[in-house]
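Asks: So you can see what is in the structure, the chains are spelled out below.
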Amino acid sequence: MSHSKKMGFNKKRQTLWGWILISPLCLGLTLWVAFPMGLSFFTSMTKWDMLGKAEFIGLKNYLIIFTQDELFLKSIRNTLYFTFLSLPLQLFIALAGALLLHSQVKGQRAFRTIFYLPSLIPIVVSSVMWLWLFNHQYGLINYFLNLLGFDRVQWIDSKHMVIPSLTIMNIWNVGNIIIIFLAGLQGIPNDLLEAVDIDGGRYWHKLRYVILPLLSPIILYNMIVNMIKCLQLFVEPYIMTNGGPVNSSLSFVLHIYNNAFKYGKMGTANAMAWVLFLLTMLISLVIFKTSSQWTYYEGDK
Amino acid sequence: MKRKVFICICIIALIGTGLCLANGQKEESADQVTLEYIYWGSPAEDAAVKQALAEFEAANPTIKVEPMYLPGDLDGSTYNAKMKALAVSNSLPDVGYFRPEEFGNYAENGYFLKLDELMARDGMDDSYLPQTWLKINNATYGAYTAAECQVMWYNRDVLKEAGVPTPPTDYKNAWSWDDFVTYLKMITIDSKGLHPDDAGFNPKDIARYGVSYDLWSTMYYPSVWSNGGDIIDTDGKTVHVDTPETIEAFQNLADLMNVHHVMPRMTGGTNVSPLTMLANGQLGFYVTGQWTLLDLGAMKELNYGVAALPILKESAQIYVSGVNVVFNATEHPEEAWTLQKWMMDPSKTLDLYTSGLWMPTKMSYYTDPEDLAKWLDNDVHPEGFKEAVVDSMAVSKNEPIMIKNINQIWGDYLNAAVESIWIGEKTAKQALTEAAEKIRKSGLLQGSY
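As you go down the protein sequences, you meet chains D and A in turn. Letter by letter, the first sequence follows residues 531 to 831 in our numbering. Letter by letter, the second sequence follows residues 22 to 470 in our numbering.
Errors might be hidden in some of the hints.
Listed below are the simulated DMTMM-like cross-link pairs for lysine to aspartate or glutamate, each with C-alpha atoms no more than 25 Å apart in a straight line [to be verified]:
no. : chain 1 : residue 1 : chain 2 : residue 2
1   : D       : Lys590    : A       : Asp226
2   : A       : Lys462    : D       : Asp681
3   : A       : Lys193    : A       : Asp211
4   : D       : Lys689    : A       : Asp235
5   : A       : Lys450    : D       : Asp681
6   : A       : Lys258    : D       : Glu600
7   : D       : Lys583    : A       : Glu129
8   : A       : Lys459    : D       : Asp599
9   : A       : Lys447    : D       : Asp599
10  : A       : Lys462    : D       : Asp579
11  : D       : Lys689    : A       : Glu458
12  : A       : Lys450    : D       : Asp579
13  : A       : Lys462    : D       : Glu585
14  : D       : Lys689    : A       : Asp276
15  : A       : Lys213    : D       : Asp579
16  : A       : Lys407    : A       : Asp372
17  : A       : Lys156    : D       : Asp579
18  : A       : Lys103    : D       : Glu585
19  : A       : Lys105    : D       : Asp579
20  : A       : Lys447    : D       : Asp681
21  : D       : Lys577    : A       : Glu129
22  : A       : Lys459    : D       : Asp579
23  : A       : Lys425    : D       : Asp579
24  : A       : Lys447    : D       : Asp579
25  : A       : Lys459    : A       : Asp256
26  : D       : Lys604    : A       : Asp256
27  : A       : Lys225    : D       : Glu585
28  : A       : Lys258    : D       : Asp579
29  : D       : Lys689    : A       : Asp178
30  : A       : Lys135    : D       : Asp579
31  : A       : Lys206    : D       : Glu585
32  : D       : Lys583    : A       : Asp146
33  : A       : Lys105    : D       : Asp681
34  : D       : Lys604    : A       : Glu458
35  : A       : Lys425    : D       : Glu600
36  : D       : Lys689    : A       : Asp226
37  : A       : Lys425    : D       : Asp681
38  : A       : Lys258    : D       : Asp599
39  : A       : Lys213    : A       : Asp256
40  : D       : Lys689    : A       : Asp372
Honestly, the hints are just simulated from the structure, not real lab data. Keep in mind that this is a model prediction, so the values were computed, not measured.
From just these sequences and the hints, can you work out the full model?
Replies: So this is what it looks like as structure tokens:
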């Protein structure tokens, strides 16, 4: 009685359909993920300006970016600074916002819409808008600061304030995270919250012992996704500061872009892209490994 | 059953549309040629170029030109990125603008049509300014689109109100730097009407500035040269940015912002356009590229004038322009060359010159008074433009675009160094000495094309 040798008609058809149905995915993964990644890795070991022929130079590009390119390390520092400044603030504010929007108040829908609106604005548009808000001379923020008697702040024109400024702008745009948190909050069973009420607990107890533990997988998800987003910071510095002043907002990806398309150093740029990939993976791994300490899945003990 | 019929109808409709579309593309007759023309610029430049292309089409009924417009950006990185993508994907257009700093690299790699025979055949060599034609290894691969340079505009009403005398227009007898700074202080006022040297002047609350210099690489050269300095030698191997003359020129510009408070800090992208400030009476002088005259000329209410550039030690000027090339990939070199010639000929595209966008590259438009009047005698070009700008081209030096890696030397080292001078973090001496060392070590000094 061997099943494997003689497949029934139905089973054969199932296998065929199985292949047909997953073929777009397989094709997509090969064509748009595996192939470009391979090509990028190969390019990272060549000297290629996109115009002439590529010249194989082994791991020299990796050596160059770590030893000769001082902007490379600076761009990593800038990006990590931005990430570790933005990420906690973003998560905290989004969670606080979600908790507020979850409460039963009049006009709940209107509030939710208002908080989500920034996420609907294309990032280029919001960048240009914030460019004006941050303007030293005529910006709205400085105008109000001036009215209140404070000195004008050099937002994105100062070396020290440019990354915090980008962070402020990033926090304004937390609508997406709020929506995901809201969805998580709605999944928390009411009977657990009522149980806290019966035991005489206050809101803090609900938050600490019911809401946060049940929300922790969603916090993890938001943390990973937004960390990757932060590490890939590009559009805002590209449009708003072009990496300045004095390269203090030169992000990792912007530096890669400059090398690839401005200076025609495809090999170096690809080597950097691989370093970014490994860095992202490393940080994700650390977060995942430590997450078992603080995430709670129903069914866990 | 009904559903199947519906699906059939849909499919037939789709095929029908497809056939129609396919047919539509083949409508062009056999002797009709389509050229793609790529260019950058402000919206006003876009309109001006489209107009010139339309007139070309009207004069050459068998040639159709498709404009391919990219919004302008100062350092050209977007345009360069687009060009690179087009080159790699083998979809370069036929003719168009090209970023000067990338010209040598592409020319060496054979992306441009060699123009020498066509030029000799049509007698083009001698009738144009000698700087116009761009050669690599003794072969001509492109031409400067126009003759362009640095100019100093001013708002007449602002100067009058501040009591500043009418600035000289003779480029050889312009203001000295110290005089210039004195006048700039007369113009600059804070919101209480105090000048920079008055007690209680608040530099954080300035209502009207004396001057704004465009702060990007090309615009530094005239000041540096005027002081007897240089950036990189034309041989592409010697760094001059740490010479005392160069350092002083940069320090002078930085002092306008940080010491004299007569110039707004224009770093980063968060600026009101100086042209707008000039028009609003918030600015006395604006030192920029001559092509801004196109936008300036459109501001009918603004009473503007032109002044000769202040002289540090000697008068200096830069010859700068985009490059025009015919791409080697074109299937219609003859027609593409015709279009290239058209765009270079002021008698065909006079609007591009009278509107202030370009200055001609054709010699007779400088030497022949009749031709000179054709593009200078109008409301756009202010009084004194010939003495202050056109004549100053006599002392102009070419923008050093033939130095290898010049773009990256600026991008990776000089721009950051210069920026740290502008924000007052470092003195010009510190920043430029450091930058010079780094450039010497960077391995980017690989000679010139």
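Asks: Lysine 425 (chain A) and glutamate 600 (chain D) were given as a pair; does the straight-line alpha-carbon distance stay at or below 25 Å?
Replies: Holds. Lysine 425 (chain A) to glutamate 600 (chain D) sits at ~21 Å (cutoff 25 Å).
Asks: Within 25 Å, alpha carbon to alpha carbon, are lysine 689 (chain D) and aspartate 276 (chain A)?
Replies: Roughly 19 Å separates the two Cα atoms, so the pair holds.
Asks: With a cut-off of 25 Å on the C-alpha distance, tell me whether lysine 425 (chain A) and aspartate 681 (chain D) pass.
Replies: violated, 45 Å
Asks: Sort out whether aspartate 579 (chain D) lies within 25 Å of lysine 459 (chain A), counting only the CA atoms.
Replies: holds, 23 Å
Asks: Taking 25 Å as the top limit, are the C-alpha atoms of lysine 103 (chain A) and glutamate 585 (chain D) close enough?
Replies: holds, 23 Å
Asks: Going straight from one Cα to the other, do lysine 689 (chain D) and aspartate 372 (chain A) come out at no more than 25 Å?
Replies: violated, 44 Å
Asks: Are lysine 459 (chain A) and aspartate 599 (chain D) close enough, with their CA atoms no more than 25 Å apart?
Replies: Cα-Cα ~10 Å, so holds.
Asks: Within a Cα-Cα threshold of 25 Å, do lysine 583 (chain D) and aspartate 146 (chain A) meet the stated pairing?
Replies: violated, 34 Å
Asks: For the pair supplied as a hint, lysine 258 (chain A) and aspartate 579 (chain D), is the alpha-carbon distance within the 25 Å limit?
Replies: holds, 21 Å
Asks: Lysine 462 (chain A) and glutamate 585 (chain D): Cα distance at most 25 Å?
Replies: Holds, at roughly 23 Å.
Asks: For lysine 447 (chain A) and aspartate 579 (chain D), compute the direct alpha-carbon distance and say whether it is at most 25 Å.
Replies: Cα-Cα ~34 Å, so violated.
Asks: Just to be careful, I want the Cα atoms of lysine 213 (chain A) and aspartate 579 (chain D) compared with a cutoff of 25 Å; is the pair within it?
Replies: violated, 55 Å
The earlier numbered hints that this structure contradicts are 1, 2, 3, 5, 12, 15, 24, 26, 27, 29, 31, 32, 33, 37, 39 and 40.
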